[in-house]
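S.K.: Protein chains in written order, with our numbering: chain L, 4 to 1050; chain A, 80 to 549.
These are calculated hints, taken from the structure and not from any lab test. All C-beta atoms, glycine included, are put in the ideal place defined by N, C-alpha and C. Possibly wrong hints are sitting among the right ones.
[Stated by the list, open to error] From chain L, some residues computed to sit far from chain A (all C-beta separations above 12 Å): (1) Y95; (2) A163; (3) G318; (4) D390; (5) G520; (6) G534; (7) S693; (8) N904.
[What the hints assert, rightly or not] A short, non-exhaustive set of chain L residues, derived as facing chain A with CB atoms under 7 Å: (9) K75; (10) A77; (11) V81; (12) L427; (13) S428; (14) A976.
[Unchecked claim] Here are the simulated SDA-like pairs of lysine to any residue, each with C-alpha atoms no more than 25 Å apart in a straight line: (15) K83(L) to M279(A); (16) K441(A) to R151(L); (17) K270(L) to R151(L).
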Amino acid sequence: MKANKQNIWIGGKDLNNDPQLEKDLQMEFPMDNSELAEKALEKDGNRRDFLKLMGFSLGAATMAAGCDIPVKRAMPYVTKPDEIVPGVATYYASAITQGGDFCPVIVKTREGRPIKIEGNPNSSMTGGGTSARAQASVLSLYDVNRYRKPHLMLDGKMTASSWADLDRVVKGAVAKAKVRVVTNSVLSPSDRMAMEQFAAGAGGKVITYDPVSSSAILEANEQVFGTRAIPAYRFDKADVIVSFNADFLGTWISPTEYTHQFAKGRKPEQRKMSRLVQVESHMSLTGSNADNRILVKPSEQGAAIAALANAIVGGINGPALNAKATKAITKVASQLRKAAGKSLVVSASNNVAEQILVNAINNTLGNYGNTLSFNAASMARQGNERDLEVLISEIKSGLVDTVIFNNCNPLYDYAKSTELAEALSGVSTIVGMSYAPNETSAACNVIAPVNHVLESWGDAEAKKGEVSIIQPTIAPLFDTRQVGESLAAWSGGSAATLGAYESLKNVYKAAYTPASGFSSFESYWDAIMHGGGMSTNSTTSSSNFSADMGSLARLVSKPASTDLEISFFEPVSIGNGQYTDNPWLMEMPDPVTRTSWGNYLAVPVGFDGVRKMIGMNDLEDGDLVKLTVGGKEMIVPVIQQFGQMPGTVALALGYGRENSGPCASGVGVNVNDCLTTENGLTQLYNTNVSVSNSIGKEDHFSCVQYHHAYGLKGTEKDTGERINADEAILGMAYGKAGYQGSLTERSVMYTTNLNDLDADIAKLKEKREFAQHLNDQTLYPYEEYKADRYEQGHHWGMHVDLNACTGCGACTVACMSENNVPVVGKKEVSRHHEMTWLRIDRYFYGDIENPNTVYQPLMCQHCDSAPCENVCPVNATNHSAEGLNQMTYNRCIGTRYCANNCPFKVRRFNWYDYTTADLFPANQVKLNGEDVPFGADNLTRMVLNPDVTVRARGVIEKCSFCVQRIQEGKLTAKSEGRRLNSSDISTACQSACPTGAITFGDQNDKGGELSKKLKSDLNYVALEEINVRSSITYTMKVNNRDESMDA
Amino acid sequence: MICNALRTNILYTFLLLAFALTSSAQVSVDAGKTIFSNVCASCHAKDMKTAATGPALAGYADAWGEYPREELYSWIRNSQALIAAGHPRATQLWNDYKPTVMTNNLGLTDEDIESVLAYVDCKIVNGPECTVVGPPVPGPGETAIKKSNSWMYWLIFGLLAGLALFLSRVINNMGRIAAAKEGVPYTGKTLAQTLTSKSMITFGIFALVILGGYTTVTRAMNLGRQQAYQPEQPIEFSHETHAGLHKIDCQYCHDGARRSKHAVIPATNTCMNCHAAIKVGSEHGTAELTKIYASAGYDPSTNKYIENYDDMSQEDIKKIFTKWIGDTYMAEEGLAELDNEGKRVVEKQWKGLVSSLTNDQKKKIQGPIEWIRVHNLPDHVYFSHAQHVTVGKLECQQCHGPVEEMDIVEQHAPLSMGWCINCHKETEVQFKDNEYYQSYMKYHEELASGKKDKVTVEDIGGLECQKCHY
């Protein structure tokens, strides 16, 4: 069904005009009645208890008043390190790596303690952008669950041991020369070298695999170009991008780099926009950012690639594809041909023939050397899961005696983990170089715990010639050792005594040539350490394209004939389980489904023609179903997903962990054993699947899709008229007719197509003028106030470019990290209690069956005429002369009037003592049944930003525009006796963003970055017509959808 | 008989009234002392004879004697105005003390100022013995405003009590007259009857509730405040010796003050900069300085840092430092061998050292010295020394008092929010020289046109919540 393109919705309930939703939205904090009943039972309070409590409180207060103030001590250093000034942050350039994931960063430390990750703006890959995973890595450093000591198996029990004992045991095992080292992709050239030398010395080999495999690309490139590498893609240079199920903005290979590039090609202000066509069944983050989506079933991917190859290259007679997709592919092919040399086709397929076809398409289009190249090829994926199969058979035939796992988890994330586990039972020594307990370490009899990357020396070569140096920002917290040191110790020789730093330095000393423009190696070393790395022009030799095209068509995967197919995808937040131990990432909602704490089965929704959305099997959000994949039965909750292809469902990888940290174990279901393999390569779909009807409701349905929504539209029951959902009350109070302003469509979101841009800019202008007209009717002379209050000094404001925002969520985690925002856990999320100061609202618009998506980062709008401020009985929230909406926690008495009166729903209330600011354990919540509540443990608390107050129970909090950073920036300028520059202050969300979508600054600084952005004629202010004078400006979302492709 | 009683009663009543009327505001040394310690003492020395941040007050009579008293008053209330007016004495003082600006005291009445001057005179004549009988010296935490006003409340209380008594006598007399007229014998209420009457009990309860509430609120506000807090430190470090006598700049040791939010307690190696050479103290000899050496691992006998000091046992450490203490003692006394007194001294100093450098949590002598924090702000207050020292160019003494006169440091200011706010209201921003403030065009214009004579911290948002709380 084609709908008006101004028709925007957040989900089915919104389109349905769901009465419960409307009721919920009228309340700031909807109450679940069953919850209240449960509480009443739990507490069993009565008058006597009340009196007792009152007596206790009085007594306690008296006691407290009588007590002496505790003596506080201050411990200075004995010898103060030069670089540390207590109270001033120190920054170190480094890089975050986890397997093949990579982000060049600057680590902020306070008093020697890393507390925040910032992107490294020197990086040519990310331009200073980060990902949610990189932002959250600092919390993993303080994971209470991590290994603190080496462990050895003694009498059938893992027992804490010493490195000396452990080294003796491992050396003895290595001496038998039947060693295999299993690892994920290793970005560090020095580690890889050490690993290979060690394996060679121990008569074994290194087996590399990736949690989400890209083996087929590597193999295809090896076959076709003679180089086993992933090319360097240039999404910024492509005018037409076709992606076959590759979520390159979310998870595929190097998403932060690609996101940074992609946004460069999308500048509607300059009338310059690439077109992204995504071919997929489940709406991925990339799919949600695509202009056109072509829906194909997971098993049809091969057919779709073959169809495109046939249209571009010719002579490929692939399997049949659904009719609609075939038509669309033909259109895509013609556009690709027009953009030859300026187009890019990528695929996440793990079928070698399909990847060769993709190569052929790019080759025929002349894209090699333009939009992709083997110079500076990506090192991010090196794995080949076929080697694991070989390992299993080698173990079975007795060729292996020792297996060393390098911080990887194949017993969870490998499709044939059960077979591997069985085989491992015949191996005598299994060494886990693990960070924290997981499924694989549970099978080990030697645990050699590794450092966190923030505790390590190292290097990373994410792209050929782009080397980052990793420097530690804190001494190892526990008795752990980094991988290189352990390998050196086990292989013996001189390296064993050298230590990580010297070993690393030696590698670079050996490679150093005096010609590089530095006076000595030391100055060169200091420079690359300070800047975070170096880049050299690297050329990789690759032969010309050569492939036997004729045979390929037979080798692509065949579409299945079953009615239902399931695809599995790597979630943006937690990967395939590598990040599940991190509460920040567990709580971060999936950008598209907006669910957190668990995997939800995405089911397609249909439209009944009378404004009712029906999920597959009449399923609704939060229903539990029995899902059968292959032979495995699981009970999973359901989420209705727009853009999900009918006849397909989708489920995220990475959940259902066992033997893992407190926040990961038992959350969601593990589907890695539902993956299929084809020629030994893992396929992320299964065609043998069935979904039951609803068998119940999930207890704590933790989807934030309908939480804190604002400006919704619904249909008036009597007239069938579309009005704003929040007007039901107004209608009653005033009678709809004649109530000025109430029928005005709320300006929440403006969208347009590139072709209609000029017309819609004119319309937008008209709308804004009308809003201005409404606002001019006010009794209060706002312009006078503005002139009086804000004409001098600073007037802070922000600009959010919705055309740059991809919804990746880096900003939300950066905000949590910067501002000590608490994690609340699944149950609390289900009760609308999530505490995020910055949420990313996701709206669909356009075609209901295959909609476009827009993401709107929403934080406190710092309204200059703020409704929240007027209703606070204690003046705890008020306005500053610089335009900040200030929140003073110590004044707040928790009436929550402000939150109720906030039109943007951005204020959050501390229902519990989430960050354990007080003494009473009853006020603290547990995320997932852990022993000590998350946030109460002193180790976890090391991550807190000392410049931001930890909020107690019973107070409201919200975005402060990172006022601590404003104060710091102002102080720097004042101390240096100069004017404030745009670069002095950047908010946490701004500095985290890989696309530069967020610009913070001083509206009075007419030459500043913000003022430049505020000139765009795509700009609008959310809810401008209600005259709250918000300080945040958004841009109209422009897509480049080709309507003809939908036909 | 009746007339007699009536007469005495009326006389009594008038006496009461007269007393009540005469006890109005007046100059007193007592009030002067209170005002002095609240308002003046942060800059002017208590002995009145030495110059501190501000001049010694003892000289006021000579210096201002030739000018009308009113000019002295206006100098004390608003010194900058008088300077601007070109008053000769004011100009002279300004030349001596600029750029230190005397805080304005617009709230002081003539009587207040006279009281202060009376107190100054009293101090000059009697020295420290100038103690006055009156309400006890206010306890820690009470703000300046409350202290200076309390006498007024007593006065009002006295007036009202007098009035009440007067009225009750009037009623009593009326009753007497009425009874006499009607010829009935008048039976006045006995004291016991009056005191147990319903109205008295009601009044009593009411007064108790008010008083109790008031006390609770003020006490609650003072919770956590510790003005005049003067804990004993692990090392008897004297600011008087270092900052006063030797005039070492505050920021030589507290080097965070100019660049960080913390002023920073110096690391032990900062002490070593000087005390590697000065090994015996003027007051405590080896008793205190040896503690630094024991913390840092420096052997003063050999002038070398001790190798592997961290791993040494307490016995080994004891040998090194008792030897040093003993040797110094012998050298001072000219002895060849340690006598009994010397042994006692060594043992005493060693014990002192151990108790200073170790505690329940810290068993080892080696490592940092655990000083006691004197100035504590609550966690929800963000305070930056750099802002005040580098940007605001404030003298340390403005908040910390005359530290250079303190043998043991005490908390000088109340560090209450009211105290902060008061200062932000009055303090002028260093507006002209700092290019940062160029963005305040309007204020610059107003300053140039004379519409504004100064820009205070309040004017640029210094009273807003999120300047300190976030």
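S.K.: For each hint, tell me whether it holds in the structure or not.
M.R.: Structure-based check of all given hints:
The Cβ of Y95(L) lies farther than 12 Å from every Cβ of chain A, with a closest approach of about 18 Å, so its non-interface assignment holds. For A163(L), the condition that its CB be more than 12 Å from all CB atoms of chain A holds, with the nearest at approximately 24 Å. With 12 Å as the threshold on Cβ separation, the claim that G318(L) sits away from chain A holds: the shortest Cβ distance comes to roughly 66 Å. Separation of D390(L) from chain A is adequate, the least Cβ-Cβ distance of about 48 Å exceeding the 12 Å criterion.
Against chain A, the non-interface label of G520(L) holds: every CB pair exceeds 12 Å, the least being about 33 Å. Distance to chain A confirms G534(L) as a non-interface residue, since its nearest Cβ pair spans about 24 Å, more than 12 Å. At roughly 54 Å, the least C-beta separation between S693(L) and chain A is larger than 12 Å, which holds for a residue marked as non-interface. The Cβ of N904(L) lies farther than 12 Å from every Cβ of chain A, with a closest approach of about 19 Å, so its non-interface assignment holds.
About 4 Å separates the beta-carbon of K75(L) from the nearest beta-carbon of chain A, less than 7 Å, and the hint is met. Satisfaction of the interface hint for A77(L) is found here, the shortest Cβ-Cβ separation to chain A being roughly 5 Å, below the 7 Å cut-off. At its closest, the beta carbon of V81(L) sits 5 Å from a beta carbon of chain A; the interface hint therefore holds under the 7 Å criterion. Restraint check, L427(L) versus chain A: the minimum CB separation of about 43 Å is more than 7 Å; hint violated.
The beta carbon of S428(L) is not positioned within 7 Å of any beta carbon in chain A (closest approach about 46 Å), and the interface hint is therefore violated. Hint status for A976(L) relative to chain A: holds, with the closest Cβ pair at about 5 Å, below 7 Å. Only pairs whose Cα atoms come within 25 Å are accepted, and K83(L) paired with M279(A) is rejected, the gap being roughly 68 Å. A hinted pair counts as satisfied when its Cα atoms are at most 25 Å apart, and K441(A) with R151(L) qualifies at roughly 23 Å.
Of the pairs offered as hints, the one joining K270(L) and R151(L) is violated, with about 49 Å between alpha carbons and a cut-off of 25 Å exceeded.
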